[in-house]
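Per my numbering, the sequence shown starts with residue 99, numbered consecutively.
Hints are computed from structural coordinates only; laboratory data are not their basis.
Computed from a predicted model, the values in this text were never measured in an experiment.
The beta-carbon is built from N, C-alpha and C at its ideal position, and this holds for glycine as well.
Check the hints yourself; a few may be wrong.
[To be verified] If you anchor each label on the Cβ, the simulated ranges turn out as follows: (1) P288 / D408: 37 to 43 angstroms; (2) K407 / K292: 27 to 33 angstroms; (3) K396 / L337: 36 to 42 angstroms; (4) P307 / P345: 16 to 22 angstroms.
[To be verified] Simulated pairs of lysine-lysine, DSSO-like, Cα-Cα distance not exceeding 27 angstroms: (5) K326 / K168; (6) K253 / K292; (7) K168 / K237; (8) K396 / K414; (9) K329 / K342; (10) K342 / K326; (11) K326 / K407.
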Amino acid sequence: MPIPHGVYTPVVTFFQDKAAGYALDLDTQAKHANFLADSGLTGVVLLGSTGEAVNLTQKERVSLVRSTTKAVRDAGHKDFTIVVGVAQQNWSEAIDEVNLQAEAGAQYAMVLAPNYFAGTQLTQEGIIEWYTAVADAAKIPIILYYYPGVSNNLKIDHSTFNTLAQHKNVVGTKLSHSECSWHGLLALDPENVKNDFSVLTGLGQMLLPCMTVGVIGAIDAVSGAFPKTLKRLYDLSVLVRDGKGTPEIVKEAAHVQYVVSWAAEIVDVFGPLGTKELTRRATGFGRENGSRPPMSGKVDWTDWEKVYKDISDLEKSL
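With the hints as extra help, turn the sequences into a complete structure.
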């Protein structure tokens, strides 16, 4: 089952306040997901890095996926794609998580590579064996999640991706790093193309250039606050990629990319807390300082007001 093309939001996880024990706010989670679906996005990634999955119990994670999936389906969004993040180090636990989430409604599992022993005893052969075991047992297709920044700077070789791309249950990868050439090397590789192995960038600030080298879309945190802007950037990028970009279209695409790239700096600087505050300010979903310990703190917006205004104005114009 190939990955649908387009923009996905790696959604934040909404929590209630301290008085409520920082319990999951499933009502807000559902409303935000439907807001994104109504805005024309392709889907969401629940419980990714932005979603603070490591701060949830397995029972909470399954509950979040089940309730969010039900909410978007009940609202009539039958084609809205549900991807779930999986970040267990042990392959048995990873398989268990994938299959529990499949039963809860997830259609794809975005599985982070094991990384505890990165740089010491973790070999490319070991990565292949680990992912193969997960893919063999998974009830839904696997997306390889490559994010060196949260993975002990784990290095996965091009040849490792090529080997895993041959597995019938491995359908693509999300690359959360800024090497556009690496995106192209994987997306345009003839063997990967033959195997319907798709590449998604995890950085909306790279969407326009990466789309020209075979990337099928983005899993981008800014889209949770400004979905129409990211959808517009994707649509313009498709036109440019397909040779249909008039000078006016190319100019608009470059402008939208510029605005998105600046907004993405907020995410880069402040992480999930910044993403939550960006989402709260733009959409009204969530609460100030809305994370669960140990995530804590407020975001200083002093230097970011112009960036916020520029993308807010763009969103309102669409």
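Tested hints:
no. : hint                            : verdict
1   : P288 / D408: 37 to 43 angstroms : 40 angstroms, holds
2   : K407 / K292: 27 to 33 angstroms : 46 angstroms, violated
3   : K396 / L337: 36 to 42 angstroms : 40 angstroms, holds
4   : P307 / P345: 16 to 22 angstroms : 18 angstroms, holds
5   : K326 / K168                     : 23 angstroms, holds
6   : K253 / K292                     : 25 angstroms, holds
7   : K168 / K237                     : 19 angstroms, holds
8   : K396 / K414                     : 26 angstroms, holds
9   : K329 / K342                     : 17 angstroms, holds
10  : K342 / K326                     : 21 angstroms, holds
11  : K326 / K407                     : 15 angstroms, holds
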